[in-house]
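Given chain A, work out where chain B should sit, using these hints.
Listed below, chain by chain, are the residues.
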Amino acid sequence: MILMPVLGAVLICVAFAGLALGSAEASLHTIFNALWQRHGHDTMLHTIIWQIRLPRVVLAAAVGASLSLGGLVFQALLRNPLAEPYILGVSGGSAIGAILGIMAGLPSFPGISLSAFGGSIITLGLIMLMAGSRREMSRDSMLLGGVMANAFCGAVIMFLISMTQSSQMHHILFWLMGDLSMFQNRQLPILLTILPCFVVIFLFARPMNLLLAGRENAAALGVQVKKVTITLLIITSFMVSTVVCQAGLVGFVGLVVPHIFRLILGPDHRLLVPASILGGASYLIVCDILARLLPSEGEMPVGIITALIGAPLFIILLWRRRR
Amino acid sequence: MNPVALRNIELRYGDSTILQDISLTVSSGELLIIIGPNGAGKTSLLKIIAGLLNPSTGTTEIFSHHISSYSRRELAKKIAVVPQEIPLDFPFTVLETVLMGRAPHLGLLGFEQKHDNEKAWQAMEFTDVTHLADRRLHHLSGGERQRVIIARALCQDPEIILLDEPTAALDLAHQIHIMDLLERFRSKRQSTIIMVSHDLNLAAMYGEPVVLMQDGRIVRHGPPEDVLTRDLLIKTYGCDLMVDRNPLLKTPRILPVPEKCKQ
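Heads up: the sequence lines are chains A and B, in that order.
So for the first sequence, the working numbering puts the first residue at 1; every next one is plus one.
So for the second sequence, the working numbering puts the first residue at 1; every next one is plus one.
Treat each hint with caution, since some may be false.
Residues on chain B that point at chain A, a partial pick, calculated with CB under 10 angstroms [unchecked claim]:
no., residue
1, GLY51
2, ILE86
3, GLY101
In case anyone wonders, no lab produced these hints; they're calculated from the structure.
Cβ atoms here follow ideal geometry from the backbone N, Cα and C, with glycine treated the same way.
Chain B with its partners taken away, still in its complex shape:
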């Protein structure tokens, strides 16, 4: 039973086609990383998997059932979404934000029980934000906030986590920290993680597998060494680059070539 199966997805807005001919099966326990140039349709694809966007044609199956056969609440128990940013106009604390992840598990009005609080603290411990519990969200740094939103997703107890560029705004240490955290969570829970990233080297180090998109299509889908090849990346991104081996992991390592190095 595959967590996610997309068949012949097409997404159009008026005359423009955002996604076409997308078929993708994600197996349980994968950490799938979607890469591709700007405008390739990565975020739209993620939203279709989350059920936040309806494709023009094609079907989405979540655990072998059509996505429309789930209610919003049932879907939220299976899938958690980590957006790039969340609005900060209203001053929720870190703990309140993380507890929102329990919403699909509670009744219409039910206040959180002890059990829900425990889940929230566990999630906060996992992403190392317990010391921030009473701080207001808008007082945190970008990296702290991202860890809080990931804690909310973990607190939701999902089987699938979708992340939209979770490391985009972070410094090097936080990037690696968040990726390690996701990998740890995946191996501990056997959950499935699908994320969009612009960072080819992160995709090479952590992606199992990697999906490369361009102009609304999937160009290649496979292990990093099959997808992140020099020829394919040059063709897709339209810039000169070199690919060698990462000395630590033996995965591909991508190096863009600046103009001053060209003859």
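Just chain A, same shape as in the assembly:
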């Protein structure tokens, strides 16, 4: 496929744009210089690029890729093109887990990662119970359940943060609207844990295709439906909870990106998985650039941008399906 190298090139370009754009302007030439000589000049720009913008761009890429892929997997497993980690409340569950971990004074790795993972698994378990309790439960009512789970998680997050005086706790807005600015270079290794998840999900691309034709159809075509479903759900919740710990709740990315690629590439997951990873990374880097540049002073949480794009798309998709 010609599209993958193109998406790779796009990702590299927007990453450079992410390094170059900001309140302190930098030319491509100075960026190359600054990137090349890590410990060379101790200029202001050098520090900004290495200490502030680079971790931020890497985090945006990791969050965008993980959330897009998470959306893609949930859409395949629930056979619902509107499913997405944020809409289903899985991101919210992770955030509650992470906040409880912080309040309990756990170390950021593995303690808080695990408590966030636990939170996402619990919400996901509840959603799957709802989805499985009736044989043919309307898929829209499952979505409605997810939306309510999401609202409930938001309330719990605000409740918990209001109750604690902990100095470690970030701002409420960080958790509810997502924020990429708190991230630092020393947290980068945590993001490496999501790379194996990408590989495993790619290996399950074909079974995901078959699952779109229904569970019984997939089983009749040789898929071990239960095993595949459980593995994918666990891997995906881990991936989502990992990025939620670092970036808070960034919504609708997993809705927008897979939808665009499904329009271009069709429903084959062997193409959609790599496309969602590369495209999702680029998408969130661009959203983050907008979040930095649009306000005349300071910046806004990136979740505002993704919700402004994603929520209308959700409504359009819902409306088109009802017709």
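Below, chain B alone, put in the same frame as chain A:
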């Protein structure tokens, strides 16, 4: 070595018994048609043969081996299932759908090879859908879609094909077309076909043999002229009907009697 042998199958959900006392042997090359009133347990029986449903008691043997001794993938190489409908929420093309039939023959990630594509085109030619190859499934008519799903089953290269009312939603021409196609495939490949149908006349014309079910039991199993008798059908379906000979095939022909013809 019989493709399918069921012994003393019983299926219960809570208090209700769906199937009981089912023993059935299907020989190689048969086109077995299961008929019976609504709720007789036909579809459940088909799912048990496919391994998609586990019976409460009893055993299923596929080619003389217990069905649980096969992995899902091995079973999919032996048995293809044609469901009544497949979900259409995701816009796969006809060719992509047919190629899914190759899944049990491929590795975890392997993209389809030339050989797999050839199989798919052969299957599509057989069911006459090659001209639709690039169309999306949800843009097709019911009859076209049914032919695509049957092509997927043929592409799977199975020894047994199970079909759940493949002609239910089709007009007369497509019904006959699909039945002829299945019969042609059976005689060409010596494969075994088991299908559920509501159409007694189709069962009479094509069934070799026919199985009549009622209330979760097999009432009779044999050639159409032994199963499709007036007395037995009246008793099973609870409606008045006449049975005479089909002038073309000499098989039974069933005619329900409407109320206005009764004295």
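Hint-by-hint comparison with the structure:
{"no.": "1", "hint": "GLY51", "result": "holds (8 angstroms)"}
{"no.": "2", "hint": "ILE86", "result": "holds (5 angstroms)"}
{"no.": "3", "hint": "GLY101", "result": "holds (7 angstroms)"}
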